[in-house]
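J.: Protein sequences, first through last, are from chains A and B. Mind the numbering: the first sequence is residues 1 to 280 in the working numbering, read in order. Mind the numbering: the second sequence is residues 1 to 288 in the working numbering, read in order.
Worth flagging that the hints you see were computed from the coordinates, not collected in a lab. Fair warning: this is a prediction, and the values are worked out from it, not measured in the lab. There could be a bad hint or two in this list.
Stated by the list, open to error - Below, in silico cross-link-like pairs of lysine-lysine (DSS-like), each with a Cα-Cα straight-line distance of 30 Å or less:
1. A:Lys-130 x A:Lys-55
2. A:Lys-130 x A:Lys-251
3. A:Lys-251 x A:Lys-51
4. A:Lys-130 x A:Lys-73
5. B:Lys-8 x A:Lys-55
6. A:Lys-73 x A:Lys-51
7. A:Lys-55 x A:Lys-73
8. B:Lys-121 x B:Lys-95
9. A:Lys-130 x A:Lys-51
10. B:Lys-10 x A:Lys-73
11. A:Lys-130 x B:Lys-3
12. B:Lys-100 x B:Lys-131
13. B:Lys-280 x B:Lys-266
14. B:Lys-95 x B:Lys-131
15. A:Lys-73 x A:Lys-251
16. B:Lys-278 x B:Lys-266
17. B:Lys-131 x B:Lys-94
18. A:Lys-73 x B:Lys-3
19. B:Lys-121 x B:Lys-91
20. A:Lys-73 x B:Lys-8
21. B:Lys-8 x A:Lys-51
22. A:Lys-99 x B:Lys-146
23. B:Lys-91 x B:Lys-131
24. B:Lys-8 x A:Lys-130
25. B:Lys-10 x A:Lys-130
26. A:Lys-55 x B:Lys-10
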Amino acid sequence: MKEKSSEHSEDQHHEAEIVPETFSEAAPDSIFNRFFLEVSSLATFTLRFFKEVFKPPYEFNELISQSFLIGYKSVSLVGITAFIMGLVLTIQSRPTLAKFGAESWLPAMVAVSIIREIGPAITALIFAGKVGSGIGAELASMNVTEQIDAMQVSGTNPFKFLVVTRVLAATLMLPLLVVLADAFGLFGSFVGVNVHGHVSTYLFFSQVFQSLQFQDLFPAVVKTFFFGFAVGIIGSYKGYNSSEGTEGVGKAANSAVVFASLMIFIIDMVAVQITSLFQS
Amino acid sequence: MKKDTGNKIKLGIFISLGIGAFILGIYFIGQRQQLFRSTFHVSGVFQDVGGLQEGNNVRLSGINVGTVENISMVSDTSVRVDMLIDESTRKFIKKDAVAKIGTEGLMGNRIVIITPGTGGKAEIEDNDTVKTVQPINLDEILTSLKNTIDNTSNITSDLSRITGNIQSGKGTIGRLLMDPSLAQNVESTLINLNEGSVDLKQGLSGLNILIGDAQSGFAQNFDSTLINLKESSANLRQGSVGLRSLIEDARGSVGQNFDSTLINLKEGTAGFKILMDKAKRSWLLWGF
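Whenever a hint applies, use it, and build me the whole structure from the sequences.
T.: Rendered as structure tokens:
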């Protein structure tokens, strides 16, 4: 407990060093101050993650357990969502393409949309909603009930056991979920195409892969690692640093989802800029 | 412990499926880009590639057989396009094959279209350069289209002027269509024509009658003339017979008279000869 307190005070000391004195003195509770405090705390938390992740001992069993909970348990939700997204996107796009007599372009257009953007972004948002809030709420409740302190007392590094495993699991599982979501989305699109006409499976997927290139697939998959990392680290940060008792659990879960979703869009925007930079 | 193992198996299945789907995606995309096939390189030099990009399709007889691997500027007027083509199609591409840049559909991507070449020629080889045809430039089409539109505009303005003139009754067609007096004239002409045609009809019927009458009178005269002619010819025939007998008779008496005359003349000339001989010898006519 004492160690934990000292650690907290050390964190706060670091924060005090990073935050400009003028801000904290002028208006300690102002939005700007709170924002920059949050940013510095998150940066410190992230740095600590990178320090801990390479340091033994490695919590493989917990990593596998978390991967199961974060990855496998999300397949059904992500799969159904992606299927519906593919189906809806196809049905909604059809009339516009039909106006130009370009219905045959439907598989190609939907495939590029799903692989490049809809698959990664929608899956990451659902992931943030399900996993980010879960991690935030779980760690916050552990924090409130002093389980984290208890772990520290028992000699286990709570950051390594709780945070590193969850963040790693989120980072590694989201790309797999996105790939599966892409597959489900394309299948949904295939069903959508066949609602109004008849296109064979072979022709549909032939057109899909005819329209896709490596520069569509790779940047989309690479950015999902960052999405997963953002969801894991923000969820963990919000939960690990929660306060205000049981009320803080809800707040941590809520702010984890909101902040993670925002981060997903910011990362997406940066990824698109970088991708277009390399493609042009 | 048992549940933990089950979870691990499920996680393993999930990870395998995810990685498998990713690998399949890479395979199918790579297959399209000839990544897992035996390929050969062909290049072509164009003046203008018209927006062709690396990765665009290469088509042979309408089939995608390869992709554009690289596009590079050779000089200020030429661009080199390197293509990666499926090895199995090499036997169909001859040395005189021609590459041109086309469009996939009306608004689609740019593609390279290769026409295979003539049958007798040798197969194309790796790193060969094919002949190229310059693509149709959209700007040129638009310029041509602009000229056409300008011409059409001129034609329509002319047509507009002409129709205006027609409407205001100017010119031959205008007067024809718009002048009411002309229509009245035409109408009166038609009435006159109608009346004239009635008169003509009557005249023709009178003429028919006249001709009919004339025909009947003429026939009678003709008949009588023929009869007269017949009689005359019969008379003539009789006359000729009489004439012939007359001639024959005349010929007989004249011949006789002529013979006697000739005999007389012969006897006379003989007597005259004797007389002349006697006279020659007479002294009275000496000196003559």
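J.: Does each hint hold? Answer for all of them.
T.: Quick rundown of the hints versus the structure:
1. Under the criterion of a C-alpha separation no larger than 30 Å, the hint pairing A:Lys-130 with A:Lys-55 is consistent with the structure, at around 29 Å.
2. Among the hinted pairs, A:Lys-130 with A:Lys-251 is consistent with the structure: their alpha-carbon atoms are about 15 Å apart, no more than 30 Å.
3. For the proposed pair A:Lys-251 and A:Lys-51, the alpha carbon gap of about 27 Å is at most 30 Å, so the pair holds.
4. Proposed proximity of A:Lys-130 and A:Lys-73 is supported: the alpha carbons are some 10 Å apart, at most 30 Å.
5. Restraint check for B:Lys-8 and A:Lys-55: satisfied, since their Cα atoms lie roughly 24 Å apart, inside the 30 Å limit.
6. Restraint check for A:Lys-73 and A:Lys-51: the C-alpha separation of about 29 Å stays at or below 30 Å, so the hint holds.
7. Restraint check for A:Lys-55 and A:Lys-73: the C-alpha separation of about 28 Å stays at or below 30 Å, so the hint holds.
8. At roughly 6 Å between alpha-carbon atoms, B:Lys-121 and B:Lys-95 fall within 30 Å of each other, so this suggested pair holds.
9. For the suggested pair A:Lys-130 and A:Lys-51, the alpha carbons sit about 27 Å apart, so the restraint of at most 30 Å is met.
10. A hinted pair counts as satisfied when its Cα atoms are at most 30 Å apart, and B:Lys-10 with A:Lys-73 qualifies at roughly 10 Å.
11. Using a Cα cut-off of 30 Å, the hinted pair A:Lys-130 and B:Lys-3 holds, with the two alpha carbons roughly 23 Å apart.
12. Simply put, B:Lys-100 and B:Lys-131 have alpha-carbon atoms about 9 Å apart, close enough for the 30 Å limit, and the pair holds.
13. Using a Cα cut-off of 30 Å, the hinted pair B:Lys-280 and B:Lys-266 holds, with the two alpha carbons roughly 21 Å apart.
14. Pair hint B:Lys-95 plus B:Lys-131 holds up; C-alpha atoms about 9 Å apart against a cutoff of 30 Å.
15. Between the alpha carbons of A:Lys-73 and A:Lys-251 the distance comes to roughly 24 Å, so the proposed pair stays at or under 30 Å and holds.
16. For a cut-off of 30 Å, the pair hint linking B:Lys-278 to B:Lys-266 stands: about 18 Å separates their Cα positions.
17. For the proposed pair B:Lys-131 and B:Lys-94, the alpha carbon gap of about 11 Å is at most 30 Å, so the pair holds.
18. Straight-line distance between C-alpha atoms of A:Lys-73 and B:Lys-3 comes to about 15 Å, which keeps the hinted pair within the 30 Å bound.
19. The straight-line distance between the Cα atoms of B:Lys-121 and B:Lys-91 is roughly 11 Å, inside the 30 Å bound, and the hint therefore holds.
20. Taking the CA atoms of A:Lys-73 and B:Lys-8, the gap is near 12 Å; set against the 30 Å cutoff, the hint holds.
21. Restraint check: the Cα-Cα separation between B:Lys-8 and A:Lys-51 comes to about 28 Å, which is no more than 30 Å; the hinted pair holds.
22. For a cut-off of 30 Å, the pair hint linking A:Lys-99 to B:Lys-146 stands: about 27 Å separates their Cα positions.
23. For a cut-off of 30 Å, the pair hint linking B:Lys-91 to B:Lys-131 stands: about 17 Å separates their Cα positions.
24. With a C-alpha separation of about 21 Å, the suggested pair B:Lys-8 and A:Lys-130 falls inside the 30 Å cut-off, and the hint holds.
25. A hinted pair counts as satisfied when its Cα atoms are at most 30 Å apart, and B:Lys-10 with A:Lys-130 qualifies at roughly 19 Å.
26. With a C-alpha separation of about 28 Å, the suggested pairing of A:Lys-55 with B:Lys-10 holds against the 30 Å cut-off.
Going down the numbered hints, you'll see the structure goes against none, and every one checks out.
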